[in-house]
Amino acid sequence: MNKTTLKAVLVLIALAVLLAVPKYVESPYALHMMILLFLSVTMGQSWNILGGYAGQHSVGHAAYFGVGAYTTMMLMHAKQIAPWYGVWIGIALVVVVALAIGSICFRLRGPYFVLASIAVAEILRLSAINLTTLTNGAEGILATELPAFKIGETVVTDFSTKVPFYYIGLFLIVLTIAITYLVQHSKLGYFFQAIREDQDAAHSLGISISLYKNIALVISAVLTSLAGSFYGIYVGFVDPPTVLGLDVSVQIMLICIIGGMGTLWGPMLGSLVLVPLSEALRSNMITEALVKVGMVNAESKVGIFLKENLSHAHVLLYGILVVLVILFMPDGLMGFVKKLALRRKREAI
Amino acid sequence: MAVLLQSLISGILIGGVYALIGIGLTLIFGVMRIINFAHGDILMVGMYLTYIIFTWLHIDPFVSVLITFPLMFLFGGVLQKVFINRVLNALAQNQILLTIGLGLIMSNTVMLIFTSDYKILTTSYSSASIQVGGGVSVSTPLLISFLITAAITAALYWFLLKTDTGQAIRATAQDRDAAQLMGINVKRMSIIAFGLGAALAGTAGALISPTYYIFPQVGGIFTLKAFVITVLGGMGSVVGATLGGVLIGITESMSAVYISSGWKDVVVFVLFLLVLLFKPSGLMGKSRT
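Residue numbers (the numbering used here), protein chains in the order written: chain A, 8 to 356; chain B, 104 to 392.
Everything labelled a hint here was simulated from the structure, so no lab data went into it. A portion of the hints provided could be inaccurate.
Claimed, not checked - Covered stretches of chain B, as calculated for chain A (at least 3 residues, CB under 8 Å): (1) 179-191; (2) 195-206; (3) 320-330; (4) 367-373.
Even for Gly, the Cβ is constructed at its ideal location relative to N, Cα and C.
Assemble the whole structure, with the sequences as input and the hints as a guide.
Next comes the structure, spelled out in structure tokens:
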């Protein structure tokens with residue numbers, strides 16, 4: 008069996024296992040963790056197309072995430088439009104927003120592009136706070152009641168368990184990974200990478216810089232907005248800081264940076280590190296573990312302090328991880344793994 | 104007419120503080136070509152420092168600037184030496200990410216210690232104001248902070264123009280390699296520049312603490328404003344940052360009066376995008392590719 012067929016078989020086996028998970032795993036918490044993992048991979052992979060392959064490091068992806076989440080939620084809340092129709096309106100809106108942002112930001116390079124992308128996301132966040140009649144302002148939109156999904160007269164699912172969300176999440180990562188794979192192995196992907204490596208050289212070879220940057224942006228933005236819509240209907244609540252804040256943009260980037268930018272496996276590795284870590288902090292698992300091992304007394308001042316505060320510390324963890332990765336593994340985990348493999352090969356020779 | 108004059112004056116007064124923030128960022132960029140995304144968070148650290156000194160030692164925020172300035176200078180120097188120095192030759196996005204990460208660490212550490220509650224530093228003159236005549240009044244704390252910023256800015260100009268270290272910093276900003284060849288210790292200049300940048304941001308934080316809510320996430324909006332100011336004035340230009348700060352102050356206070364206070368930041372960001380599009384080199388910047 009050659010390498011490609013082996014890879015294909017492994018991917019199919021992984022997919023079959025993931026498809027079967029809800030049949031055997033009943034714990035809603037385990038499914039919740041898997042859904043968060045799927046969401047994280049989708050977000051990372053979408054950013055990867057623009058940031059990793061085309062080399063345009065947007066720090067404003069919260070804009071697309073937020074527009075997707077808000078559009079779906081607003082339509083469902085105010086107009087009772089089911090999210091599976093709302094999603095398409097969200098996508099249409101995001102394409103418009105992305106092209107507008109692209110036409111402004113892609114004239115700029117390097118740090119100026121980063122600044123402009125942040126500014127655009129901030130304008131959207133402030134607008135969501137101020138346009139109270141549309142978005143309900145800083146209070147956000149709460150809409151937990153999902154209509155049942157029907158085909159004809161048969162009810163496919165009424166969203167009363169986490170299983171349908173699990174399959175939507177699974178569908179999203181298969182979609183984004185497939186698109187990334189296709190991009191990576193097509194002319195489009197080579198154009199993106201040429202722009203990333205040397206914009207002027209790519210331009211002199213006849214690659215239309217602004218056209219391909221905008222294509223990368225639109226693909227990336229549409230997938231990010233899908234993730235946003237999914238987040239909205241899964242959590243049932245959106246407000247300006249949680250879907251449009253700078254933290255969201257940083258988190259999306261971080262998935263790729265930790266895993267490795269411009270690689271297919273990077274966002275998956277990054278999510279596997281980030282999601283369990285931040286969940287462990289959020290649910291106070293770390294404090295409980297420390298208490299169990301006997302390192303901290305639960306009744307002592309330190310114990311109470313940790314219990315009360317460590318659950319908010321996941322953003323602190325993001326900060327520490329970014330600093331460590333940039334200083335010690337600037338190419339992310341994938342880069343680190345590749346380096347190790349290369350060293351082994353050399354030693355073998 | 105009184106309203107126009109009133110908002111113009113408040114704009115200029117707050118613009119002085121913005122100028123300090125902008126000058127700090129532009130100095131760091133000039134010397135190291137690094138955009139400091141932790142600038143607002145450094146300002147936030149300055150605010151909390153002032154708050155601690157005020158509640159524990161009962162020292163007036165405007166007096167405690169004398170303590171905050173050197174402490175923040177040290178803080179910035181250490182940050183440069185331990186973190187920033189390692190990425191001076193790294194890719195631009197890695198530099199940006201490192202400073203974003205440092206900012207996240209600062210704001211969230213402060214949140215762990217002080218919780219995310221809003222703190223208010225109330226002095227006897229916090230809501231006092233002076234009548235100027237013609238129905239125009241000036242807020243006392245803003246006026247004092249403006250006078251202090253003016254003094255600091257003047258001292259900074261003197262430092263950069265007249266002292267040897269100041270000239271060495273400007274030389275490093277102009278051409279790092281040439282400066283090194285002329286025997287300037289560029290590493291030390293980088294530490295001083297970052298220290299100064301942090302001290303200026305921290306001082307700005309101290310000066311606004313009597314009139315502003317103090318909370319861990321306050322930095323984000325100031326980081327963005329600092330960029331707007333420096334890009335408007337021209338990246339790396341100290342004069343530009345001073346002008347930019349005052350201009351942004353006026354824009355903000357005008358749009359708060361004539362549009363609405365909720366939209367004033369949006370107006371500033373739209374202005375920012377327009378500058379990036381039509382005059383990316385800024386008011387005082389030389390055009391660079």
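These are the hints, each one checked on the structure:
1. Remark: the stretch 179-191 of chain B is confirmed as covered by chain A, as 3 of its residues place a Cβ nearer than 8 Å to a Cβ of that chain, reaching the required three.
2. Counting residues of the stretch 195-206 of chain B whose CB lies closer than 8 Å to any CB of chain A gives 10, which reaches the minimum of 3, so the coverage claim holds.
3. Chain A is given as covering the stretch 320-330 of chain B, and this holds because 3 residues of the stretch bring a CB closer than 8 Å to a CB of that chain, at least three being needed.
4. With a cut-off of 8 Å between beta carbons, the stretch 367-373 of chain B has 4 residues touching chain A; three or more are needed, and the interface restraint holds.
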